[in-house]
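So the chains spell out like this:
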Amino acid sequence: MAAIMVIEDEPAISDLLALNLKLVGHTAFCCGDGSEAVELIKNINPDLILLDIMIPGKDGFELMKEINPFDIPVIFLTAKESIDDKVTGLRLGAEDYIVKPFATIEVLTRIDTVLKRCKKSGIIFRFDNLEVRLEERTVYLNGGLVELTTKEFELLEVLIRNKNIALSRNKLLELIWGFDYTGETRTVDVHIQKLRSKLELEDKIKTVYKVGYRLEVHQ
Amino acid sequence: MKFWQKAFICVIVCFLIGFDITSYMIVRKNYEMSKANEIATADNEHYTIRKSLTERILSASQYYTSLNPDNVPQYIEPYAMYYQTQKIYIALYQNNVPVYTSFTGDLPQLSDMPFVFGEKYVQFRNMDGKQYLLIASYLDNLESDFVFVYIKDEENLVKHWQNSANYAIKIGAAVSVVLSVILILMLLGLTRPISILNKAAGEIAKGNYQKRVTIKSRDEFGEFSRIFDNMADNIETHIEKLSHITEEKQRFIDNLSHEMRTPVAAVLGYGELLKNADIGQEERLMAIDYIINQSLRLQNLSAKLLQLSSMKEDVIKMEAVYIGSIIERAQNTLYRLIKEKNIVFEINLKAEMVIGDIDLLESLFQNFFENAIRALSQNGKIKICSEYAGDDIIVTIEDNGPGMPQSELQKIFEPFYRIDKARTRTHGGAGLGLSICRQICDIHNAELVITSEPEKGTQIQINFTTL
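Protein sequence lines, in the order shown, are assigned to chains A and B.
For the first sequence, the numbering used here begins at 1 and goes up steadily by one.
For the second sequence, the numbering used here begins at 1 and goes up steadily by one.
Where hints are given, some of them may not hold.
Here are the computed lysine-lysine pairs in the DSBU-like style, where the Cα-Cα straight-line distance is at most 35 angstroms [to be verified]:
hint : chain 1 : residue 1 : chain 2 : residue 2
1    : B       : K211      : B       : K249
2    : A       : K171      : B       : K275
3    : B       : K241      : A       : K58
4    : A       : K119      : A       : K151
5    : A       : K86       : B       : K206
6    : B       : K120      : B       : K29
These are computed hints drawn from the structure, not numbers from a lab.
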């Protein structure tokens, strides 16, 4: 869906991010040295950059100044948690600031939000006989329009954006119905059932034992 | 109230008391003298009048056998008339009854004036609110009992006294004003150092530790200002040292949090990935490897941190230790690494023993050897020498590895600093080795000097001072 560059000197972290990004359909490029980053950015022209601050070569803040002219959204992903650093990062023009350790779903969600805001997220999602137009909020199955309720569509969008990753019922409730929703996790099950039957996704939306649901798409 | 104000009030009060007492004494003395003078003059006049009056009465009585009391006033009147212009009044009593008086007020009773024949009665007396000088005596040589009283109006004397007193008060006031001005100027000048010191102390209290006073005088203020400046110097250096320590601590904490968060984030992320994601066998293995690897890193970090903090508290056992046995123990611990790279040790010990804790010294040598071995390529060489330098013992550890540039050399003692990040981390190095080494050297009062030249190698000198 989007090309994302990970500038991070810890291979453990950059591999982890790259793996997760690939799972949900993004393309990931890793770079572990600040002094080489700008050259790579020029060659790849990514849609978004995940930037660590404490990296060899050039630190993240310095790098940020050099990235600014390219007009590429940047999210800081760092162990520096002080307010000063956050303010510096955001002042320099970063879209967001995530402190390590992070939850993967949080990083993916924030990436989506930033991509959406910067109009860089993919708007049409296709697999097999299904086409989802995220911008128009319409779904076509075998070329014919399928009517979905708002909540059903939102659930489908979250599953698509986090495809191949299992999401717990509680997480889904939180993401779609909001924190203050007092309903039960049964609501999620009902909506998943409806999505499965309406869009012929019985074998794609998997129930993961003791975890939740996962949309499995292998490209 | 400020000091100069207090001093001012004290001086002014002392001056006024002194001045007033002196001027009162002078005026008083003057008055006494005038009074004595006045009495002498009056006594003279009294004598003259009495004398001639007596003669007049005596001569008159020669014509008559006895003195006609009715005639007495006429003898005396000319005198009375004459002296009245000078505000002198006279009175005559015969047998205790007044027979003549030129005095307009109430005459005093004779019984109030106790005196005997041949004596004089002299007194200042207040009559009808005015001051008078009274002189009374018996007329001599007369058969009859005549008393002559001389009364002089002394208003002038009183006025003179009052004028003098007023004058003294006015002078006092004028002098006080002049003195006040001079005194205030002098006190302000004298107490200027106090206000300078005051201001400086206030500035320092506010946090401006660079403030100094430098009062160049030889009195107590000059001395105090020198002491004050010394104190400020000390405070400044202390504060600088403290803020330096705080900065260092903050940097340590920043680095530590980075060092801890990264493996935690990795373990957490891969754990989540394994639980939630639909991934292949190969990726699954990679995730598990990372989890194990990063957990080891955390374990290593906590062990090193524990060592660093426990060294600060432990009571260290100081004893004579063979340098050779320290080297041997360190080599044994690193046996596998040494064998892997086939490292050659060249040992030349002129000094054999140092004073210290064997476990800590082993840890010190082990850290240095480990760093050297990691830097060295296959078949590298480590040279160890020890020698006496006066009372000190110098141990040198030298390798023929790639060395490092000057810019790196300055940073190597910083906690968590690694020259080659990627490589050390795969060994699980925490970046605390040299911090621990420096700590151990500090405990042993040993100086640690590291020199290095790119392409030639690194030299570590440990100077065990016999303190």
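Status of each hint after checking the structure:
A threshold of 35 angstroms between alpha carbons decides the hint, and for B/K211 with B/K249 the separation of about 28 angstroms falls inside it, so the pair holds. With a CA separation close to 15 angstroms, the supplied pair A/K171 and B/K275 stays within the 35 angstroms bound. Between B/K241 and A/K58, the direct Cα distance comes to roughly 30 angstroms. Compliance with the 35 angstroms bound is thereby established for this hinted pair. The suggested pairing of A/K119 with A/K151 holds, with an alpha-carbon distance near 22 angstroms, which does not exceed 35 angstroms.
With a C-alpha separation of about 31 angstroms, the suggested pair A/K86 and B/K206 falls inside the 35 angstroms cut-off, and the hint holds. Restraint check: the Cα-Cα separation between B/K120 and B/K29 comes to about 25 angstroms, which is no more than 35 angstroms; the hinted pair holds.
The earlier numbered hints are all upheld by this structure, with none contradicted.
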